[in-house]
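Counting from 5, one number per residue, gives the positions in the sequence shown under the working numbering.
A portion of the hints provided could be inaccurate.
[Said to hold, decoys possible] Below are the EDC-like pairs computed for lysine to aspartate or glutamate, each with C-alpha atoms no more than 20 Å apart in a straight line: (1) LYS30 x ASP57; (2) LYS64 x ASP13; (3) LYS30 x GLU6; (4) LYS30 x GLU55; (5) LYS30 x GLU19.
Keep in mind the hints are simulated off the structure, nothing from the lab.
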Amino acid sequence: MEYFRFNNDGAGNKETWPFNVPFYLKLNLAWGGNWGGAQGVDESKLPATYEIDYVRVYQKK
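Hey, can you work out the whole structure from these sequences and the hints?
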């Protein structure tokens with residue numbers, strides 16, 4: 005399932021194509037907040053476990 009896609013417009017603008025500068029990848033389990041918690045949080049699902057098996061990053065050589 006695809007969640008996000010960034011298409012390179014070739015303009016060199018880091019607002020539309022931010023991947024030409026160093027950055028950190030953040031893997032986060034957000035719970036609640038203004039977006040995900042707007043409809044309330046089902047506390048019966050807590051505590052939650054967030055398991056990541058692996059992360060793969062490709063770099064063009």
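Evaluation of the provided hints:
1. In summary, the hint linking LYS30 to ASP57 is supported, as the alpha carbons are separated by about 15 Å, within the 20 Å threshold.
2. Note on LYS64 and ASP13: the hinted pairing holds, with a Cα-Cα distance of about 18 Å set against a maximum of 20 Å.
3. Proposed proximity of LYS30 and GLU6 is supported: the alpha carbons are some 18 Å apart, at most 20 Å.
4. This hinted pair checks out: LYS30 and GLU55 have alpha carbons roughly 14 Å apart, not beyond 20 Å.
5. Restraint check for LYS30 and GLU19: satisfied, since their Cα atoms lie roughly 18 Å apart, inside the 20 Å limit.
The structure agrees with every numbered hint stated previously.
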